[in-house]
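In the order they appear, the protein sequences are chains R and V.
Following the working numbering, the numbering of the first sequence begins with 1 at its first residue and continues without gaps.
Following the working numbering, the numbering of the second sequence begins with 1 at its first residue and continues without gaps.
Just so you know, these hints were derived from the structure itself, not from any lab.
Among the hints, a few may not be true.
Stated by the list, open to error - Calculated pairs, EDC-like style, for lysine to aspartate or glutamate (alpha carbon to alpha carbon, straight line, at most 16 Å): (1) V/Lys204 <-> R/Asp104; (2) V/Lys204 <-> R/Glu285; (3) R/Lys96 <-> R/Asp108; (4) R/Lys173 <-> R/Asp135; (5) R/Lys47 <-> R/Glu105; (6) R/Lys48 <-> V/Asp203; (7) R/Lys206 <-> R/Asp108; (8) R/Lys96 <-> V/Asp261; (9) V/Lys204 <-> R/Asp103; (10) V/Lys204 <-> R/Glu306; (11) R/Lys249 <-> R/Glu306; (12) R/Lys273 <-> R/Glu205; (13) V/Lys204 <-> R/Glu269; (14) R/Lys249 <-> R/Glu288; (15) R/Lys47 <-> V/Asp203; (16) R/Lys96 <-> V/Asp49; (17) V/Lys314 <-> V/Glu393.
Bear in mind the structure is a predicted one, so any value in this text is a computation, not a measurement.
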Amino acid sequence: MTAEKPESRFERLKDLPSAHLLGAGTAMCAGCGGLEAVKEVYDVLGKKTVFVNAAGCMTLTAIYPFTPFQGSWLYTSMASAPAGAQGVRDALDILKANGRISDDEDLDVVVLTGDGAAYGMGLSATSGAIERDLDFLYLCYDNEGYGNTGQQTSGATPLGARTSTNTLGFTGKKKNLFDIWAAHDPAYVATAIGSEPLDLARKVEKAAGLTGPRLILALAPCPTGWDYDPRETVAIGHLAVKTGIWPLKEYVDGKVTHTRIPHPRVPVEKYLKLQGRFRHLFEPERNEAVLAKIQSRVDAYWAEVENGPQ
Amino acid sequence: MTRLLLTGNAAAAWGARLAGAEYFPVFPITPQTEIIETLGRWIDHGEMDGRMVILDSEHSMITAAGAGAAAGVRTFTATSSQGLLYGMEMLYTVAGWRVPLVLVNVSRGLSAPITLEPDHNDILAARDSGCLILHAATCQETVDAVLLATRIAEDRRVRLPVIVNLDGFYLSFTREPVTLPEASLVSRFLPDIDPANYSFRADKPVSEAVAVLGGGPYSYFRYETHLAALAAQAVFDEAAGAFADIFGRTYGALQKYLSDDADIVFVQMGSFATKAQDAVDRLREAGVRAGLVRPFLVRPWPADALRQALKNKKAVIVIDQNLSMGMGGVLHSEVACALYGHNDIPDVLMSAIGGLGGRDIVYAEYAALAEEAMHAFASGTTPPPRLLYTENELREMRKLQAIAAVEGLEDKEDAS
């Protein structure tokens, strides 16, 4: 017996919204992979939303008196956007419960932060919101560093990446935020990327249909922070998926499902070589040890996906 | 009229309940916790309506409180000391959001060294935040201050968070008889929450707290907040007038005790000022015309009222239960700032630090300060600021240090 596949509005690329909600002319960098994801997410969620923002690049989308958002917005601080979401959600629920606003006036609460807040300073507030089963969507644009301040190492920086505070390459490991969320058993956790708009739209659609804590974790290729030509954003995004370095997956009802299994996988070098932040791994001479380590971690990850824990 | 024996913490909880607060983002910390436990129990047992949520920190708590208030619900929360400082970023932030909420701070000395008993460095660290501050000295004042704070915070001319301060242990855990305001009268004093305060509705999208670029727009919003805080002086007077009419208890920005005909006036804040009040009585019995001026409203700072109250006094002694390291008493400098450059100001303005971490201030110290003030008036020389500490206290401290030294030696011997 086959399980009935849930219906999606988004079967093919042409099903994606053709009219876009997010206004143009923001202060984001050319080729911003974060803005790409936000734009796609916003088109699916719609304007009956309030974005609760933490300090990061996207804070500069709304500068007085302009905003690209047609719905509402609240800037909080770097550490406490999920707590801001709690306050708004609770208040709207109280107002609905005593009839001071109608259901039509209600809003979906969306936390919008970068990886600096999501992986680091905001983790306590996030964990609290999940444990309280707060009904909210968390959208993280992950550009693997404190991008807004010039790409210092964050909790999301991967092995080998050169940052402005690890100029010889980061020697630690990218934190696994997907599993940290999943360990809380929330309603939904998904990874995504703007260069795979259909996969992203389906996940946002699915998340929007659920209640409880939900995360869309979007890898956000960053021309300025990752040091590449802005026109390469989509190509780098495709390679992030094809090399298997950014697995596309979701967690629902205690189960992790990969929405794309790259086969055969492109060697990670193809992805790394396009980015200045990894150039030191190739020249003046190849750093075989680090390159092998990055590849072997990706290989081990997918071996476990395909064959179960080794 | 209901008269109960209540702790300061229970009085604060009653204030929130009578004010009709409906949203309680909270986090526990000694000596405040009884407030949120009391409210939680009432909500759980259906004695009052409300939604309580435990956040992961005071930083998150103040964020949620500000966001809830922005969305248009009457919001109350409470903290102490380290918690207030942990949430300090958000105190400034929610004041900038111009949202009405009431936060009770139960004062406790700041780390390090970590301690539980009170002084005012915590609340005074918030003095520049944009939050207004009322400082209660009794349990009755605590319940009344929460009602006053709610009305002032929500006034369209103000729209700022208000902190009601009370001292840990000495007030938070002290039971005093309290006359609870009648709920039916409270509804005359406090209107329903102003619909103009609502944000975040699907049909009325709004962007709150967006970034600004440059000093021009930034200064504009900062000045607006300052002007609103200044406007709160008149709003406080109106609210206090209405409160007196309805409940028969009168509150001034300054609570004065025998200060009108006094030669020497103590200026002191909070529950320890009741010690000063007692000292005033005893000094008067001894023939010294002493008085007390106690700031009840701390932000906005009632400079005009202070000038009036201290006009032509021989000497003013500011007793600060706080210490700005490398400077001295915070209230002393604020009083000096209110007076300097004006006519008919006191001849002598003295400073004393006392009551840090709950250290007692005894009558002998008030008497000694009063005597010194009389000498200062006569000689025209202001004495240096005093750090109140007795020889006996120093001796006890030396004893502890001697014990620590001996214990340290023994530990080393054991290890060898």
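Taking the hints in turn, this is what the structure says about them:
Of the supplied pair hints, the one linking V/Lys204 and R/Asp104 holds, its CA atoms being roughly 11 Å apart against a limit of 16 Å. Taken as a hint, the V/Lys204 and R/Glu285 pair is broken in the structure, with Cα atoms around 59 Å apart against an allowance of 16 Å. The hinted pair formed by R/Lys96 and R/Asp108 meets the criterion: a straight-line CA distance of about 13 Å does not exceed 16 Å. The suggested pairing of R/Lys173 with R/Asp135 is violated, with an alpha-carbon distance near 31 Å, which exceeds 16 Å.
The straight-line distance between the Cα atoms of R/Lys47 and R/Glu105 is roughly 12 Å, inside the 16 Å bound, and the hint therefore holds. Only pairs whose Cα atoms come within 16 Å are accepted, and R/Lys48 paired with V/Asp203 is accepted, the gap being roughly 8 Å. For the hint pairing R/Lys206 with R/Asp108, the CA-to-CA distance comes to about 14 Å; that is within 16 Å, so the pair holds. The straight-line distance between the Cα atoms of R/Lys96 and V/Asp261 is roughly 57 Å, outside the 16 Å bound, and the hint therefore fails.
Annotation: proposed proximity of V/Lys204 to R/Asp103 holds, straight-line Cα distance about 14 Å (limit 16 Å). Between the alpha carbons of V/Lys204 and R/Glu306 the distance comes to roughly 49 Å, so the proposed pair goes past 16 Å and is violated. Proximity of R/Lys249 to R/Glu306 is assessed by CA-CA distance (about 13 Å); at most 16 Å being required, the pair is judged to hold. With a C-alpha separation of about 34 Å, the suggested pair R/Lys273 and R/Glu205 falls outside the 16 Å cut-off, and the hint is violated.
Distance hint between V/Lys204 and R/Glu269 is unfulfilled; the C-alpha atoms sit about 50 Å from each other, more than 16 Å. Proposed proximity of R/Lys249 and R/Glu288 is contradicted: the alpha carbons are some 29 Å apart, above 16 Å. Distance restraint check for R/Lys47 and V/Asp203: the Cα-Cα separation of roughly 10 Å lies within the 16 Å cut-off, and the hinted pair is therefore satisfied. With a C-alpha separation of about 14 Å, the suggested pairing of R/Lys96 with V/Asp49 holds against the 16 Å cut-off.
Only pairs whose Cα atoms come within 16 Å are accepted, and V/Lys314 paired with V/Glu393 is rejected, the gap being roughly 32 Å.
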